[in-house]
Amino acid sequence: MAGTIAFAITAVLAVAPKRIDLFGVVVLGLITAVGGGTLRDLILDLPIFWIEDQSYLWVAIGASVAAFAAQGFFNKRSIFAGMLLLDGLGAALFAIQAVDKVWALDFGRPLVPIILGVVTAIGGGLIRDVLAGRPTLLMGRELYAIPVLFGCILYTVLLAYLPDEHTVTAIAAVAFIFALRAAAIRWNLREPDWLLTGPRQVDPEKPEA
Amino acid sequence: MAGTIAFAITAVLAVAPKRIDLFGVVVLGLITAVGGGTLRDLILDLPIFWIEDQSYLWVAIGASVAAFAAQGFFNKRSIFAGMLLLDGLGAALFAIQAVDKVWALDFGRPLVPIILGVVTAIGGGLIRDVLAGRPTLLMGRELYAIPVLFGCILYTVLLAYLPDEHTVTAIAAVAFIFALRAAAIRWNLREPDWLLTGPRQVDPEKPEA
Amino acid sequence: MAGTIAFAITAVLAVAPKRIDLFGVVVLGLITAVGGGTLRDLILDLPIFWIEDQSYLWVAIGASVAAFAAQGFFNKRSIFAGMLLLDGLGAALFAIQAVDKVWALDFGRPLVPIILGVVTAIGGGLIRDVLAGRPTLLMGRELYAIPVLFGCILYTVLLAYLPDEHTVTAIAAVAFIFALRAAAIRWNLREPDWLLTGPRQVDPEKPEA
Chain L
1 MAGTIAFAIT
11 AVLAVAPKRI
21 DLFGVVVLGL
31 ITAVGGGTLR
41 DLILDLPIFW
51 IEDQSYLWVA
61 IGASVAAFAA
71 QGFFNKRSIF
81 AGMLLLDGLG
91 AALFAIQAVD
101 KVWALDFGRP
111 LVPIILGVVT
121 AIGGGLIRDV
131 LAGRPTLLMG
141 RELYAIPVLF
151 GCILYTVLLA
161 YLPDEHTVTA
171 IAAVAFIFAL
181 RAAAIRWNLR
191 EPDWLLTGPR
201 QVDPEKPEA
Chain S
1 MAGTIAFAIT
11 AVLAVAPKRI
21 DLFGVVVLGL
31 ITAVGGGTLR
41 DLILDLPIFW
51 IEDQSYLWVA
61 IGASVAAFAA
71 QGFFNKRSIF
81 AGMLLLDGLG
91 AALFAIQAVD
101 KVWALDFGRP
111 LVPIILGVVT
121 AIGGGLIRDV
131 LAGRPTLLMG
141 RELYAIPVLF
151 GCILYTVLLA
161 YLPDEHTVTA
171 IAAVAFIFAL
181 RAAAIRWNLR
191 EPDWLLTGPR
201 QVDPEKPEA
Chain H
1 MAGTIAFAIT
11 AVLAVAPKRI
21 DLFGVVVLGL
31 ITAVGGGTLR
41 DLILDLPIFW
51 IEDQSYLWVA
61 IGASVAAFAA
71 QGFFNKRSIF
81 AGMLLLDGLG
91 AALFAIQAVD
101 KVWALDFGRP
111 LVPIILGVVT
121 AIGGGLIRDV
131 LAGRPTLLMG
141 RELYAIPVLF
151 GCILYTVLLA
161 YLPDEHTVTA
171 IAAVAFIFAL
181 RAAAIRWNLR
191 EPDWLLTGPR
201 QVDPEKPEA
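Protein chains in written order, with my numbering: chain L, 1 to 209; chain S, 1 to 209; chain H, 1 to 209.
What the hints contain is simulated information worked out from the structure, not anything from laboratory work. Here the structure is a predicted model, which is why all the values come from computation and not from measurement. Note that the Cβ used here is the ideal one computed from N, Cα and C, for glycine as well. Do not rely on the hints blindly, as some may be mistaken.
Which bits of chain H does chain S cover? Going by a derived footprint, with three or more residues having C-beta under 8 angstroms, they are [as the list claims (entries may be wrong)]:
# : segment
1 : 42–51
2 : 106–116
3 : 135–146
Cross-link-like lysine-lysine pairs, in silico, DSS-like; alpha carbons within 27 angstroms at most [what the hints assert, rightly or not]:
# : chain 1 : residue 1 : chain 2 : residue 2
4 : S       : K18       : S       : K76
5 : S       : K18       : L       : K18
6 : L       : K76       : L       : K18
7 : H       : K18       : L       : K18
8 : H       : K76       : H       : K18
9 : H       : K18       : S       : K18
With the rest of the complex left out, here is chain L (with noise of 0.2 angstroms):
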């Protein structure tokens, strides 16, 4: 819930500057919150989760009006901070608890739980940022995506060695993917040149554009 709530809110702040009006923002809001696991239920052939359980929609809408209504309060640098963290929270809890359901349900082992964490996590966001014509985050150099996935490869490890400590994993992938994604902000981790594709003899001296 608390990533839903993150989720709709930081949407809401990414796509403000595009100047886009309350039902945008709340559509927006909403995809970004509820997309990924709409994806991940969908490829599952599962009843979608909020089909079943309406809160998720209602929490992800109240959000998205909030953050419209007070968007001056949320883009104050230390609320913002706090946001981008909850978000990364959001990220991390969403993702276990995708590879957790995949996993118990026995599908595809190891590949589909980890593939389907990282859609979970990351998906909603994919299609904002679609819809919004803004660059989509696998397009850019943030590390959002890559402790989510390094979360999930781990948690699977995890579940297959040891599968009496579920609960304790769990947190422990949890905090992983959350202390990676905190570090990162914090310290506004970039990827390295030679992870990207493309010309790599760039000179030092003339910064790209």
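Following the hints, put chains S and H in place on chain L, whose structure we already have.
Chains S and H in isolation, oriented as in the chain L frame:
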């Protein structure tokens, strides 16, 4: 059916300035016409409506080819205005029909019928704009989705309080959406500034770019 | 399988100029390779093929990493041309296999098998381009989707009139698509102007930008 035709034709006219080929025209016309209903059926885990009844596909393909062949005709001022109105009527019919279907299935009342009504009406257009590299309607100030949203809310309230007047209330809700949309087209209504995100203090002397 | 590999590799080469990271490369390679089949299975409400058989995922991930690591190699003229051909063969195989599957299930003949054949062949590439912020192939004049469409129509006709020659006709349809695509690559064929929307009277002295 009229809605399917209007959706396909307005889709072709919308993307025509981009110089795309007949294949792209038909694909985009088809997606605009059946995309929203496809999303609805996927989310509800029902058989996709156009697999059950292919006539929707034939009509959408035919309308797209016709719009391609007779672009000059459909782009005439009076014909285009009529097409816009027909498109508004199509959106109204698609939305109310979807609310009806989801309500009858008793899925997640009251929020899920409203959301899927809106998705059915605007989903196809969103996918079209994303594939064609156009800004989606979420980013504009056109009054298109808001009338649909209000109509779906109205119809849901009527279904809850007047469950026996099914047909009358459906017609009323379609008429309500269509009237709002027609008024928006006729007087070129735009959303007021306070409904938008972003900086609000704009010098009235200097219009925005 | 060859198609999966070729799709992943050509996807990586297509997005490489944008300087994206290894994570984005693998995600986009994977989506290109399995995205079309995923859409097909979602629409048919069948279990997603890569949940049943993870080897597709491993192969697509491996091919994406290989393409990332050896961009220089794959970008060599001769290798790249071979990859384009392999990609065309992959599209042909994906499409005909999908038509076959949908036809055997007796879903919405004759239109649905054709549509899902095309979706399977080009759907992954469309999602990739949208996520990577590239114009989709619907907007270009490359002869890619049209051979696939013609091949799917041909195969559907053959299935209807020569139902017992199943294997022979499938091979013929794959060969047909591949031959058209190879000819388009070899002679750099583009679609004629009259197949495009928009203004047609272009001064032949002033080429378009």
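Quick rundown of the hints versus the structure:
no., hint, in the structure
1, 42–51, "holds (count 4)"
2, 106–116, "holds (count 5)"
3, 135–146, "holds (count 7)"
4, S:K18 to S:K76, "holds (18 angstroms)"
5, S:K18 to L:K18, "holds (23 angstroms)"
6, L:K76 to L:K18, "holds (18 angstroms)"
7, H:K18 to L:K18, "holds (23 angstroms)"
8, H:K76 to H:K18, "holds (18 angstroms)"
9, H:K18 to S:K18, "holds (23 angstroms)"
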